[in-house]
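Chemist: Letter 92 of the sequence shown, counting from 1, is numbered 92 in full-length UniProt numbering, and no numbers are missing.
Quick caveat, the hints were computed from the structure, so don't treat them as lab data.
Glycine included, C-beta positions come from ideal geometry on N, C-alpha and C.
Each statement offered as a hint is correct.
Distance ranges between label pairs, derived from CB positions:
#1 E260 <-> T84: 14 to 22 Å
#2 N114 <-> L422: 32 to 40 Å
#3 D220 <-> D52: 40 to 48 Å
#4 E168 <-> A356: 44 to 52 Å
#5 N374 <-> E161: 38 to 46 Å
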Amino acid sequence: MKILVVGSGGREHALSWSIAKSPLCEKLYCAPGNAGIAEVAECLPIKAEDLDGLVNFVQKNDIGFVVVGAEAQLVAGLVDRLETIGIPAFGPSAAAAQLEGSKGYMKDFCAKYNIPTAAYARFTDLAKAQAYLEEQGAPIVIKTDGLAAGKGVTVAMSMEEAKQALEEALSGRAFGDAGTEVVIEEFMQGEEVSFFVLTDGENYLPLASAQDHKRVGEGDTGPNTGGMGAYSPAPVLTAELEQQTLERLIKPTIEGMKSEGHPYKGVLFAGLMLTDQGPRLIEYNVRFGDPECQTLCLRLKSDLLPALIATAKGGLDKIDLEWHDETALLVVMAAKGYPGSYEKNTRIDGLEQANATTGVTVFHAGTARDSNGNLLATGGRVLGVTALGSDIRTAQKNAYQAVDQISWPDGICRRDIGWRELSR
Numbered sequence: 001m002k003i004l005v006v007g008s009g010g011r012e013h014a015l016s017w018s019i020a021k022s023p024l025c026e027k028l029y030c031a032p033g034n035a036g037i038a039e040v041a042e043c044l045p046i047k048a049e050d051l052d053g054l055v056n057f058v059q060k061n062d063i064g065f066v067v068v069g070a071e072a073q074l075v076a077g078l079v080d081r082l083e084t085i086g087i088p089a090f091g092p093s094a095a096a097a098q099l100e101g102s103k104g105y106m107k108d109f110c111a112k113y114n115i116p117t118a119a120y121a122r123f124t125d126l127a128k129a130q131a132y133l134e135e136q137g138a139p140i141v142i143k144t145d146g147l148a149a150g151k152g153v154t155v156a157m158s159m160e161e162a163k164q165a166l167e168e169a170l171s172g173r174a175f176g177d178a179g180t181e182v183v184i185e186e187f188m189q190g191e192e193v194s195f196f197v198l199t200d201g202e203n204y205l206p207l208a209s210a211q212d213h214k215r216v217g218e219g220d221t222g223p224n225t226g227g228m229g230a231y232s233p234a235p236v237l238t239a240e241l242e243q244q245t246l247e248r249l250i251k252p253t254i255e256g257m258k259s260e261g262h263p264y265k266g267v268l269f270a271g272l273m274l275t276d277q278g279p280r281l282i283e284y285n286v287r288f289g290d291p292e293c294q295t296l297c298l299r300l301k302s303d304l305l306p307a308l309i310a311t312a313k314g315g316l317d318k319i320d321l322e323w324h325d326e327t328a329l330l331v332v333m334a335a336k337g338y339p340g341s342y343e344k345n346t347r348i349d350g351l352e353q354a355n356a357t358t359g360v361t362v363f364h365a366g367t368a369r370d371s372n373g374n375l376l377a378t379g380g381r382v383l384g385v386t387a388l389g390s391d392i393r394t395a396q397k398n399a400y401q402a403v404d405q406i407s408w409p410d411g412i413c414r415r416d417i418g419w420r421e422l423s424r
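I would like the entire structure built from these sequences, with the hints used as guidance.
Modeler: Take a look at the structure:
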């Protein structure tokens with residue numbers, strides 16, 4: 001069948017790279033794609049947010065299946081629009097995507113179905129929010145209710161930081177409409193881990209665990225980013241903790257969404273905090289994590305496409321996935337200045353040598369080619385240098401060996417991806 005992937009990041013490159021290898025894939029398109037995706041799919045001049053353009057293309061080009069990469073298009077109802085015209089798509093409906101689209105909805109849902117998460121309160125009024133903050137004290141977590149491209153969360157270690165985050169969000173200055181409501185949450189102590197399951201609304205299929213490195217600086221310092229690196233599996237999520245996660249969080253969520261009348265189909269990405277009381281939910285995401293997706297795709301032995309189709313159409317209980325035992329580790333190369341302002345269209349060389357390193361695949365995020373075929377950095381997070389290794393140390397060595405082959409004076413990366421696991 002002909003398949004369309006929607007998006008342009010490292011996650012969409014990894015998904016396209018996996019799907020292109022499937023014998024079920026006759027022709028692969030990506031809208032809008034990037035320079036790396038262009039090596040495995042035909043990239044289209046349609047923006048991911050142009051839902052009309054996407055639906056129009058699907059109808060005119062006999063597309064059999066659509067894979068939606070990012071949360072914004074899911075919350076905007078792209079899957080609903082495709083299903084209306086009889087095209088199966090991977091991802092939840094707009095109603096089910098509220099699990100990520102509204103932090104307040106997610107917290108209320110968890111309270112209703114007894115899913116372990118941080119204590120919270122919701123506010124639209126700044127004075128009331130400030131009064132609650134004074135009662136609770138710091139450390140505390142401030143989240144904008146709506147989608148803020150991964151930037152709407154402040155883990156405030158001081159009252160000053162918390163007050164500033166509240167004011168910026170509720171004044172509408174920082175996040176526009178996404179910040180007209182905030183959720184104030186208890187600060188949870190523990191270690192964070194990412195866990196993924198596919199679900200067709202009835203059945204679920206656990207994928208693998210991963211650990212992301214959110215902060216821009218080494219030793220997890222500096223501002224939060226969309227992710228500076230990841231590795232999978234995350235040994236800290238033991239078989240016992242995974243079982244607890246499935247029983248206490250995943251199953252009640254799938255059953256709860258069904259009884260709410262919004263069966264959840266797609267990938268359910270649980271951001272977990274491993275606390276003394278067991279796994280607790282930080283938040284749900286309704287799409288694959290980026291950069292975790294790249295590590296999962298590199299470790300997956302099986303054909304991914306039948307699993308994605310079964311998620312959309314049902315029958316996930318008949319799917320079995322096999323994984324490589326090795327560890328996959330990814331180092332993000334970002335533009336100097338990220339997550340603040342950075343220069344665009346700077347030149348990158350050495351990718352062929354990097355890709356020739358043992359066990360390495362370089363996934364593209366913000367890249368394009370100029371008229372001479374030179375590779376340019378067009379975004380904040382630009383490359384995901386991903387390596388397999390027999391253990392985390394070997395995977396890390398392979399990844400940094402490849403990073404050192406890349407010539408990009410305007411790029412930065414962390415040199416300590418995997419540090420928590422290595423220090424154990």
